[in-house]
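The listed protein sequences derive, respectively, from chains L and C.
Using our numbering, you'd call the opening residue of the first sequence number 55 and step up by one each time.
Using our numbering, you'd call the opening residue of the second sequence number 5 and step up by one each time.
Hints are supplied without guarantee of correctness; some may be wrong.
[Stated by the list, open to error] Computed list of lysine-lysine pairs in DSS-like fashion (alpha-carbon distance at most 27 Å, straight line):
1. L:K230 x C:K12
2. L:K230 x C:K258
3. C:K7 x L:K233
4. C:K65 x L:K230
5. L:K233 x C:K271
6. L:K233 x C:K17
7. L:K233 x C:K138
8. L:K230 x C:K178
9. L:K233 x C:K76
Bear in mind the hints are in silico, worked out from the structure with no lab data behind them.
What follows is the residue order along each chain.
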Amino acid sequence: MLKDINIGQYIPGDSPVHRMDPRVKIILTIIYVVLLFVINNFYGYAISSVFIILPVVLSKISIRYLFKGLRPILIIILITVLFNLFLTEGEVVYRIGSFSITKEGIRMAAFMALRLIFLITGTTLLTLTTSPIDLTDGIERLLNPFKRIGVPAHELAMMMTIALRFIPTLLEETEKIMKAQMARGADFESGNFINRAKNMVPLLVPLFISAFRRADDLAMAMEARCYRGGENRTRMKQLKMSAVDYAAFAFTALLSAGVVYTRFFFH
Amino acid sequence: MTKAIEVKNLDYKYSDGTEALRDISFSIDKGSKTALLGPNGAGKSTLIMHLNGILLPQRGKVIIDGKEVNKKTEREIKKKVGVVFQDPDDQVFSTTVWEDVAFGPVNMGIAEEVVREKVEKALKLVDMWQLKDKMPYHLSYGQKKRVALAGILAMDSDIIVLDEPGAYLDPRGKHDLFEILNELHRNKKTLLIATHDINLVAEWADRIIILKEGQLLKEGDRSLLLEEEILMQANLTLPIVPSIFLQACCQRSKIPVTVEEAVNILKRVMR
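Take the sequences, apply the hints, and build the full model.
What follows is the structure, given as structure tokens:
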């Protein structure tokens with residue numbers, strides 16, 4: 055039942071994109087997202103499509119997974135397109151009743167759709183090619199400089215790692231408790247909203263208690279192995295930038311320059 | 005006489021493709037004490053879920069007291085078969101022991117007066133009546149286990165199934181639990197326990213079912229506990245009593261299984 059839920063949706067692989075330093079991937083994704091909002095003409099989109107197609111091809115990830123990531127936001131794209139199409143003022147091209155489609159509207163709608171599709175594809179590619187552990191590791195390292203102003207980088211990363219680790223365990227636990235209560239005639243499926251919420255009590259109480267107990271046990275086990283937060287901890291896997299990472303940076307710099315150029319000189 | 009439990013050609017496959025049960029058939033007489041043996045992952049738990057309709061058969065049939073388990077009879081079957089899960093913490097949730105035991109009968113829609121009666125009877129049977137107003141989370145593991153059992157007994161099922169009843173209990177707790185099970189046996193309940201504690205099985209069960217990798221390896225009476233080869237196949241060992249006697253002597257037909265039988269033989273020899 056619950057086991058079918060796929061979290062993190064990381065797809066293991068050994069492509070250059072998979073091997074990239076997670077820090078670099080996170081930074082480049084952020085740059086890419088910012089670029090998408092800088093673009094204001096089709097040349098810019100043409101350039102940024104190269105930016106997205108190249109890593110997709112290199113990562114050897116099936117297009118199917120990318121479409122899967124797009125499916126949930128399809129409806130949002132559709133609504134955005136419709137709003138832009140009908141509500142933008144300008145030169146009228148076509149009229150349906152009191153609604154009119156304008157030239158500017160078509161342009162805006164196309165821009166917004168492309169922007170959203172590229173945005174989702176880019177961020178999906180990041181999570182598809184980076185394991186959750188690498189991702190949190192990367193985030194921790196990127197947040198490190200902000201420690202001085204009180205950002206608890208290591209603690210945040212450790213919390214994320216532990217949370218990710220325990221999601222499947224908690225799902226399993228939920229299923230077990232549900233079965234134990236169903237054996238006593240508990241009903242989780244029928245009834246109106248309030249009744250259903252009430253019926254969740256026999257599930258939630260044992261679930262929370264076991265989660266707290268697990269947290270307690272885990273904390274104790276970690277302390278027993280001398281865990282004292284991030285101070286003085288060495289790392290198993292040192293993040294290291296490789297040739298691919300530098301190439302990716304150079305490539306991004308080139309494309310960004312191109313995009314900025316189209317924004318200011320082709321209008 | 006109708007059987008308490010009849011399973012015919014039962015198959016079950018999980019959604020990820022794991023074949024948990026393959027072509028399982030057996031039956032259990034009313035009032036019997038059956039042990040379901042098998043290594044971890046043999047399908048014991050999956051089989052138990054089928055006995056009270058938490059899982060419905062994908063192929064084959066499960067018949068409880070003459071009634072086939074299906075979508076329609078599911079609720080009725082849950083009243084007939086009580087399942088006690090391994091970890092009482094999965095089950096116990098209320099603020100008092102009393103309330104928790106009442107959860108099942110209340111779900112069954114029984115009148116309040118009757119619920120009170122049933123809860124009292126169940127709690128007294130497991131010797132927890134004097135702790136009825138305690139918070140379950142302040143109880144010891146063995147006590148919680150007994151509360152969980154009382155929660156099932158209060159539903160007045162004729163058939164009671166226990167998944168790993170002895171797990172994590174201290175020897176005294178185990179002893180007390182099996183006293184309760186014997187009391188239930190005297191009350192004509194049909195009992196089925198899933199376990200790998202072979203020594204408990206030797207002392208207690210009158211019928212043995214051994215599962216391995218989702219299939220029925222062997223079914224039989226207690227003489228099955230002397231068949232080392234079959235037990236080995238299911239990652240089990242001989243129980244301690246027959247293991248001693250098989251090494252020390254004697255004719256197969258005279259090998260004792262329980263401590264009591266062994267004591268009788270030893271008395272005769274040593275006299």
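Query raised in the report: Looking back at the numbered hints, which does the structure fail to meet, lowest number first?
Result: 2 and 5
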